[in-house]
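First to last, the protein sequences are chains A and B. When you read off a place in the first sequence, starting at 1, and then add 307, the result is the number in my numbering. When you read off a place in the second sequence, starting at 1, and then add 9, the result is the number in my numbering.
Since the hints were derived computationally from the structure, they do not count as laboratory data. What you were told as hints is all true, and nothing was included just to trick you.
Keeping only pairs whose Cα atoms sit at most 30 Å apart, straight-line, the calculated DSBU-like set for lysine-lysine is:
#	chain 1	residue 1	chain 2	residue 2
1	B	Lys-97	A	Lys-489
2	B	Lys-43	A	Lys-422
3	A	Lys-578	B	Lys-51
4	B	Lys-89	A	Lys-489
5	B	Lys-43	A	Lys-461
What follows is the residue order along each chain.
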Amino acid sequence: MAYDVIVIGGGPAGLSAAVNVRARGRSVLVVSNPLEENPLWKAEQIDNYLGLPGLSGAELLTRFRSHAEQSGAEFREGRVLNALYAEPDWYVSIGSDVESAKAIVLSGGVARARKFPGEAEFLGRGVSYCATCDGMLYRNRAVIVAGYSESAKKEAEFLRSIGCDVTYFDRPRHCEILGSSKVERVICDGQTVETSCLFLLRPALAPTDVFPEMAVENGYVKVDRSMATNLPGVFAAGDCTGAPLQVSSAAGEGLVAGQSAAKYAAALARKQ
Amino acid sequence: MALQHLTESTFDAAISAAPLALVDFWATWCGPCKIVGPVVEKLANDYDGRALVGKVEADSETALSERYGIFSIPTLIFFKNGAEIERKVGVVPEAALREILDANL
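Given only the sequences and the hints, what does the whole structure look like? Please build it.
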């Protein structure tokens, strides 16, 4: 199914973008992890969100989500792993599915984790970011899952259900991936396991993992005043664009990005 | 249809007969493959007569997948005169694939 806009990340910025895409009468799909996995969920009290002092992060997120749902935004639980531009559309993969849109709003938050030694070298040769995508290749074999969220545990269960022998590491601080032409063993937090496959399941991928040609600076996405990135039809909002990492600014940037994305999609629709 | 579906029995003959070939190892359950698939079909049509463009279903063609060390899907392998010259794993832009094909025509 084709959407006008796909929003990557369902925190304050993404939800605000979705509301504003809908306000312009355009269709929007928000791809997100469960709300409880958003870092904001754990904030005890936010006192600087205009008009709503004293609420917890969870309360704010719940209100934001409800607003976006009521506006008619569609939601899909999962992570976007790949994006490809086939003018004039963008195609994104979400697990085993693909969706397309005229415009994208990237609001995936800050992907803080630095890559582990061997991770980049062995990506595609034994290191994978997606259990549902690559799991079938390792049916009935021993695999390692390094999981950094509750969703990761579900992906580990999927792997077990297709016959993989899963060794699960819960949020390991440090892993090292070793081998020659392919992965042969992995050391996570001091424990060595012989394996040909490591699934590294972080909550989100860094912007340049999904969009290799995206312009970033110090790990943050570069945007102009309309929240446009250097890629055609791709806008960004919220923590991923940099400081201040605040709910208010995320919502504001989300509004601008949503409006810009809707305008871009509308212009393309008129051309066709 | 220019795109060829290759199997264990047809692979070797097809690849050795083609001066230049691109093979897409894919699977039905693979999300990113659904993005790359249409691009590969387009290349098959555009390079018809100049390069062989084929697909191998990695899940059913396990012998071929093992022979070529397929650990992640999609994997796109380029062959020149029957020998592997380059491979790309994952979603790769169309322009990057054309660059490799054009450089080896």
